[in-house]
Amino acid sequence: MGNLKYKDFICTQEWAKEDLDRVLKLAFEMKQDRFGSKYLDILFRKQFFMFFYNPSVRTRQSFEAAATELGAHAQFLEPKSMRLKTAKSAGETVEDAAQVMDRYAAGLGIRILEDKIAAYGQGDDLLREYAKWAKMPVISMAHDKFHPCQGLADVMGWIEWLAPQGKLATGTLATTFDPDALKGKKLLLTWAQGALCRSLCSVQEAILIGSRYGMDVTVAHPEGYDLDPEVVAAAKMNCETNDRTFEVTHDSAAGYDGAHVVYSRNWMSPEAYRDGELRKQEEIEKALGYRGWTCTAEKMAATDNGIYTHPMPIDRGSEVTDEVASGPNSCIYDVAENRLHGQKAVMAATMAGFLD
Amino acid sequence: MGNLKYKDFICTQEWAKEDLDRVLKLAFEMKQDRFGSKYLDILFRKQFFMFFYNPSVRTRQSFEAAATELGAHAQFLEPKSMRLKTAKSAGETVEDAAQVMDRYAAGLGIRILEDKIAAYGQGDDLLREYAKWAKMPVISMAHDKFHPCQGLADVMGWIEWLAPQGKLATGTLATTFDPDALKGKKLLLTWAQGALCRSLCSVQEAILIGSRYGMDVTVAHPEGYDLDPEVVAAAKMNCETNDRTFEVTHDSAAGYDGAHVVYSRNWMSPEAYRDGELRKQEEIEKALGYRGWTCTAEKMAATDNGIYTHPMPIDRGSEVTDEVASGPNSCIYDVAENRLHGQKAVMAATMAGFLD
Amino acid sequence: MGNLKYKDFICTQEWAKEDLDRVLKLAFEMKQDRFGSKYLDILFRKQFFMFFYNPSVRTRQSFEAAATELGAHAQFLEPKSMRLKTAKSAGETVEDAAQVMDRYAAGLGIRILEDKIAAYGQGDDLLREYAKWAKMPVISMAHDKFHPCQGLADVMGWIEWLAPQGKLATGTLATTFDPDALKGKKLLLTWAQGALCRSLCSVQEAILIGSRYGMDVTVAHPEGYDLDPEVVAAAKMNCETNDRTFEVTHDSAAGYDGAHVVYSRNWMSPEAYRDGELRKQEEIEKALGYRGWTCTAEKMAATDNGIYTHPMPIDRGSEVTDEVASGPNSCIYDVAENRLHGQKAVMAATMAGFLD
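Residue numbers (the numbering used here), protein chains in the order written: chain Z, 48 to 403; chain Y, 48 to 403; chain H, 48 to 403.
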């Protein structure tokens, strides 16, 4: 447990469990007292720079709202208008850009996804290059490898539903952070069909943070759709540490058995990048070859009254049926709302040292 | 007269006259005390999402200023960066997008004009689809059919000039809302030549709200430039209810006789859409065939010391001469300013329930 | 010394020396007390419109932060979405646009650089056209001729380093404005090689304001890279007024002798525009023909412990070596930070009359 001021937030796995607990506790409190005077001026008149290499609506809306609610101003910046140095053209180095931005702002969010890079991992490298030169915290707003703010929103939502005081038991969301609520619960993360060639960031973050909070984890996907081996190894280690199980299956239905949380989502295969390029169309065609990987009410019947989760936007009809996505056990809108509260807590902690 | 919190503002015609009165009264008060402490925190730290399917400068400037002056933050969003589901591609449904946005924001403005739709009415449909799923109010920032905020600004400006305490009588703008100031005054809405193929939204809103406030209405246009028949029918009904006259003429000069307010503007014909496409170039060429439809000082001489109004931007030289647009009876800048005050009043009423 | 409220800031040369002194003094004070209560609400809930004909990151970041820190809101506007009248198309006049914006905002920043104009001087003309119609101040955010906010940041930084209480003498930046700190110091402005075809705005502003503050000025460039003759004449006159020297040399090394401030930067030649077009590629090729115009540690050794300055972004390796740019005498990040403080002072003075 250390000082969180200036701490980068690139992957939840790099944060101590105690620090994640502190931030999640704050996020729950902020949700209960959204415009409470305690929080209104934590970042009064400060700047949060948002670098959107990739466009986004939800991420922008939630970060920009988070900044506003803490008294800050979020600048929506599209780095295409930055004259950064590249192998091919004159321009500014990250060394220079980051050190100047440090003079103006209290935090830097970066979003860079699969189609803005030439190989898996380059987005992560870029975030770490900024983090190296900037004193202010660098916060991932989703990048090729991880999506730590989505991870926080996920576990918040699952706790709200699964805790003893939660929605499944009482009909209303749990209002306080219960770090043990997910212990021994089974998370099924399953690949889903669809024509989207989606990033790995959300799903990889989900198994990392789910396993940190004591869940049994099952990952289901067709052969050839493995997640990043380093991420799988880390999640497995988290499960071992907590005495929980970690399994991979290539069966589209088996993993539902006894699950408490079902997370179905399309993602790209490890072959998506070749010769410095994302083969999006090939990936989409390959994915279309797999049928039966939609989350349906029939499959959900095998769960232990499981809830349905998804980071949105959902590709309804492919990733999940309307019946499940809009059904009584769908926590999708609660999870989406939690993006706001989780991000407020992270920004307060890392930009203002609110928890130090 | 009902609660206005959460009430959508898609067309003034759908609001009770008493509610329009209340909002206009507030708008006048807000104009007199622009940074008054009563109003500064009505939307403190809240979000207003602005969806600009079509770009705009004045609308953005006035809405973003309105949000700021009420303590809110307006997010400038371009839906092209939203991955919405379409007939042709995977993406998010309005059902999902709207329900998530409801968690983040207190209001949603949408602007969608003629060239972003395939047929007249589709923009209006989109606003109503968002309104169906979002609890927060949906406010039109101009769409294919209506422009309710422009309508408020128009009548505010006309009252400021025509009221007994107004500019024509006293040399300074009326400072309070006088709901009877326009009763029995004659509004001439006249088509104007020009190469712009302009939307119907502003002019349709003008005859709807003008007739609500007791004006005689004359609409002048070349044959083949009819407004939406449903709008014409509603305006006619408004006039009948108020015992006023409603006329249509195809003469470019006759309507000026005795007019108190002259509104000249180019608009597209009902043939503008064909086979799911806006035939903009055809419309422009057709419009160029009509001469003599410019508002001139000579024509204005036939009015009853009439004022000149236009929602801007003006196509000077085609829609109106410089002599009239920059002349002593031009209320264009006052009307433009009123966009700000009217929108502040609408946002306060519908997003915060300030008048409930 | 006059009222500064509503005063445009298009070039420092057009402001009285006493007024520049007052603004710089305020900028130093604001830097020492960045979030001090004296300054927080100077522009409370006001609007600052930023017109970016050219994109920018640093300028946007610093202006948007400046607005926030004074309590205002900065709107990022891209005039491509404005339907302005041009020789070829219908649209709005600056007369109309500016007079409406006056109703909404307290200040207007404009950035328009070399590739958005057809001939040198057209950007300057546009700013003055807006200034003619708008009562609110027009502030240059860099245009083809001048960059007054960069000029303020430059002299602030040079004073911070060169003053008797400054960084060179004491190891820490001077904290108060010393109007005499630059008297008799030698400024070398030298052209630098590179493939960027850069604007004249920053370098022209630098010799104007440097000479105002009593510096000896040497301008070094290859033959054919003359600055605007009117600017050179004005800088020469400033030097004469202060009994200082003004020299031009075509030697890439000689000017370093005894210099206190070295400013190396690429700029375009007077032949850059031909037939209403910027010949960027030709300029880049021409510039590549000159070697030996990089600022190096070897050259810096001839200075009088000179500091290195640059408005950024730097083209490292061409304009200056890493050794110098990241060396102990580089003031680049301090100068960059001063953009924020200088702009806050200008906005407070011209938009709110804070110094009147």
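Treat the hints as calculated values from the structure; they're not laboratory data.
All values derive from a computational prediction rather than experimental measurement.
Any given hint might turn out to be false.
Identical chains share a label here; the pair holds if one copy fits it or two copies do between them.
Claimed, not checked - With a straight-line Cα cutoff of 20 Å, these simulated DMTMM-like cross-link-like pairs (lysine to aspartate or glutamate) come out:
(1) Lys327 - Asp403
(2) Lys127 - Asp162
(3) Lys182 - Glu61
(4) Lys182 - Asp381
(5) Lys52 - Asp162
(6) Lys64 - Asp403
(7) Lys52 - Glu324
(8) Lys179 - Glu329
(9) Lys179 - Asp369
(10) Lys182 - Asp171
(11) Lys283 - Glu294
(12) Lys52 - Glu176
(13) Lys230 - Glu287
(14) Lys230 - Asp66
(15) Lys327 - Asp273
(16) Lys52 - Glu370
The hints, checked one at a time:
no.: 1; hint: Lys327 - Asp403; verdict: neither (44 Å within a copy, 52 Å between copies)
no.: 2; hint: Lys127 - Asp162; verdict: both (14 Å within a copy, 17 Å between copies)
no.: 3; hint: Lys182 - Glu61; verdict: within (18 Å within a copy, 39 Å between copies)
no.: 4; hint: Lys182 - Asp381; verdict: between (33 Å within a copy, 15 Å between copies)
no.: 5; hint: Lys52 - Asp162; verdict: neither (32 Å within a copy, 42 Å between copies)
no.: 6; hint: Lys64 - Asp403; verdict: within (16 Å within a copy, 47 Å between copies)
no.: 7; hint: Lys52 - Glu324; verdict: neither (37 Å within a copy, 50 Å between copies)
no.: 8; hint: Lys179 - Glu329; verdict: neither (36 Å within a copy, 38 Å between copies)
no.: 9; hint: Lys179 - Asp369; verdict: between (44 Å within a copy, 18 Å between copies)
no.: 10; hint: Lys182 - Asp171; verdict: within (18 Å within a copy, 38 Å between copies)
no.: 11; hint: Lys283 - Glu294; verdict: within (8 Å within a copy, 71 Å between copies)
no.: 12; hint: Lys52 - Glu176; verdict: within (19 Å within a copy, 43 Å between copies)
no.: 13; hint: Lys230 - Glu287; verdict: within (13 Å within a copy, 70 Å between copies)
no.: 14; hint: Lys230 - Asp66; verdict: within (18 Å within a copy, 54 Å between copies)
no.: 15; hint: Lys327 - Asp273; verdict: within (17 Å within a copy, 48 Å between copies)
no.: 16; hint: Lys52 - Glu370; verdict: neither (44 Å within a copy, 32 Å between copies)
The structure fails to meet hints 1, 5, 7, 8 and 16 from the earlier list, while all remaining hints are met.
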